[in-house]
Amino acid sequence: MHQFFPYIITYVHHVHLACWNKQQLYALHITDCLAFRLQKLRNTAITRANSACLPMGDHLDFKYNSVNEGDERKGGHGIPKVSMVPLIFLIFYEVSGGPFGIEDSVKAAGPLLAIVGFLVFALIWSIPEALITAEMGTMFPENGGYVVWVSSALGPFWGFQQGWAKWLSGVIDNALYPVLFLDYVKSSVPALGGGFPRTLAVLILTVALTYMNYRGLTIVGWVAVFLGVFSLLPFFVMGVIAIPRIEPSRWLEMDLGSVNWGLYLNTLFWNLNYWDSISTLAGEVENPKRTLPRALSYALVLVVGGYLYPLITCTAAIPVVREQWSDGYFSDIARILGGIWLHSWIQGAAALSNMGNFLTEMSSDSYQLLGMAERGMLPEFFARRSRHGTPLIGILFSAFGVILLSWMSFQEIIAAENYLYCFGMILEFIAFIKLRMTHLNASRPYKIPLGTIGAVLMIIPPALLIVVVMALASFKVMAVSIMAMIVGFVLQPCLVYVEKKRWLRFSISGDLPDLPDSQEAAEDDTVPLAF
32 MHQFFPYIIT YVHHVHLACW NKQQLYALHI TDCLAFRLQK LRNTAITRAN
82 SACLPMGDHL DFKYNSVNEG DERKGGHGIP KVSMVPLIFL IFYEVSGGPF
132 GIEDSVKAAG PLLAIVGFLV FALIWSIPEA LITAEMGTMF PENGGYVVWV
182 SSALGPFWGF QQGWAKWLSG VIDNALYPVL FLDYVKSSVP ALGGGFPRTL
232 AVLILTVALT YMNYRGLTIV GWVAVFLGVF SLLPFFVMGV IAIPRIEPSR
282 WLEMDLGSVN WGLYLNTLFW NLNYWDSIST LAGEVENPKR TLPRALSYAL
332 VLVVGGYLYP LITCTAAIPV VREQWSDGYF SDIARILGGI WLHSWIQGAA
382 ALSNMGNFLT EMSSDSYQLL GMAERGMLPE FFARRSRHGT PLIGILFSAF
432 GVILLSWMSF QEIIAAENYL YCFGMILEFI AFIKLRMTHL NASRPYKIPL
482 GTIGAVLMII PPALLIVVVM ALASFKVMAV SIMAMIVGFV LQPCLVYVEK
532 KRWLRFSISG DLPDLPDSQE AAEDDTVPLA F
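Per the numbering used here, the very first residue in the sequence shown carries number 32; after that it's consecutive.
Be aware that one or more of the hints could be misleading.
[Stated by the list, open to error] Straight-line alpha carbon distances no greater than 27 Å define the calculated DSS-like cross-link-like pairs of lysine-lysine that follow:
#1 Lys320 / Lys478
#2 Lys478 / Lys465
#3 Lys465 / Lys320
[What the hints assert, rightly or not] Restraint-style ranges between C-beta atoms, simulated for each label pair:
#4 Ser289 / Ser474: 47 to 55 Å
#5 Ser280 / Leu150: 16 to 24 Å
#6 Leu287 / Arg418: 54 to 62 Å
#7 Arg415 / Pro275: 57 to 65 Å
#8 Gly336 / Val238: 29 to 37 Å
#9 Pro350 / Trp253: 16 to 24 Å
No wet-lab data here; the hints were simulated from the structure.
Positions of the beta carbon are idealized from the N, C-alpha and C atoms, including for glycine.
All chains, please: the whole structure from these sequences, using the hints.
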């Protein structure tokens, strides 16, 4: 046994596990395989391009120092973590925010296809994406989220591309919400319809909501709870009022010859995606290995139910004139069914719902940058937290992007956002399948009850949907999106060069376990580690 002590000492030195006591060391029955692996460990001062110490194989269990305890209430910075109820509504606003904007599905295809579409898309897109988020989010419960998933499977280069595409997509998405808020308010305050007053209002809104993010994620979570209840309650009331007027025959109206398939598919896709965004907040969640899967399941019911309930009740309560079913038509239905008070309530709920979308999207974007910095993909200053435990630099970068994009026209840029999102989802699907194949028995606190073949079959429908959405994009949208991705391809090697020249400091958080190297993982998995 003594002949192996030098290897043990080297092992402890390289992975910094000084907490192992003498009894634990003595209990390790080390074989020659350990010596083989120890020789492959290397210094991680320059970490991002070659951050591969311990490979995560069937024999390894990730140990997250700051998130493993079930009774944990506060993070390493003494800041309270997000509990179940706020987490559900954070997911709700990441994905939905309420049934505002789903009216176009009726305009495009009629009541029957609209109702069936939200059911089918929930099955082939939302459920698989939520399941993958639950499995991978509990496997890697840290703020990098999907960036870490892709890095662990495909290496840091593709992990960075995932982070770049998703962050850019999120910032573009978030730039819409202050503008949409003002679009709802301008009917009451016409001065906000354009010019300097509108510009000033966009700035004030962005600054105020950015400050709320700065004050803490728990505050954002409870604000999301309030806004979510306030936004959904008028639709529940409207549905109850509509019950005596329901004529079921109206649900069956359909004319396949007049379906606008592009508008139909984009509306469904827009309203049922972004389930993976919550993964970038996993490091801020109380006991994420237990809380995250449950919150995703509850949020799924809340989102899909929040869409179907008003569609089912309202399309059967009044005659359907498809041309009238555009953004904001639910407020007109509310006036017909309940009067001006219900109309005003839904308009106010729609305006405030945009604020909930803004808050949660900015949180996701800024914590993603923090998580990437904690993995050494971005300069260390992105990982610095404010006294409230929030990623100050990430919040400022995201706010700057929102202000910059608020002056632009969004008709085709929104489509570019979807294109970038689809690119990120392709990387996620590949990472999910690869980790299932190469690290089948690695620790997964939640695991989708499907084997590798079942997992592949599960992602085929959403993968085909991605192909359709990308194929429907115009040439201009494709060109803009591809240019954005090329920027990411250039930016990552530039950051590697900056790190090697020591112009900026990069580091990996000591609270995080090492990720497997994408090139060595397959080789290492063929070498059994015996204890």
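Given hint lysine 320 paired with lysine 465 - CA-CA distance at most 27 Å: 21 Å, holds
For serine 280 and leucine 150, compare the CB-CB distance with the range 16 to 24 Å and indicate the outcome. 19 Å, holds
Range agreement (Cβ of arginine 418 with Cβ of leucine 287, hint 54 to 62 Å): Holds - the Cβ-Cβ distance for leucine 287 and arginine 418, about 59 Å, lies within 54 to 62 Å.
Using the C-beta atoms of arginine 415 and proline 275, is the stated range 57 to 65 Å upheld? Since the Cβ atoms of arginine 415 and proline 275 sit about 58 Å apart, the hinted range of 57 to 65 Å holds.
Go ahead and decide if the range 29 to 37 Å is satisfied by the Cβ distance of glycine 336 to valine 238. Holds: the Cβ-Cβ distance is about 35 Å, inside 29 to 37 Å.
Check the following: the C-beta atoms of serine 289 and serine 474 are separated by a distance inside 47 to 55 Å. For serine 474 against serine 289, whose Cβ atoms are near 52 Å apart, the range 47 to 55 Å holds.
Pairwise hint evaluation, lysine 465 against lysine 478, where the allowed Cα distance is 27 Å at most: 15 Å, holds
Okay, proline 350 versus tryptophan 253 on CB: inside 16 to 24 Å? 41 Å, violated
Next pair to validate is lysine 320 with lysine 478; report whether the Cα-Cα distance is within 27 Å. 11 Å, holds
The structure is inconsistent with hint 9 alone, although it conforms to all the rest.
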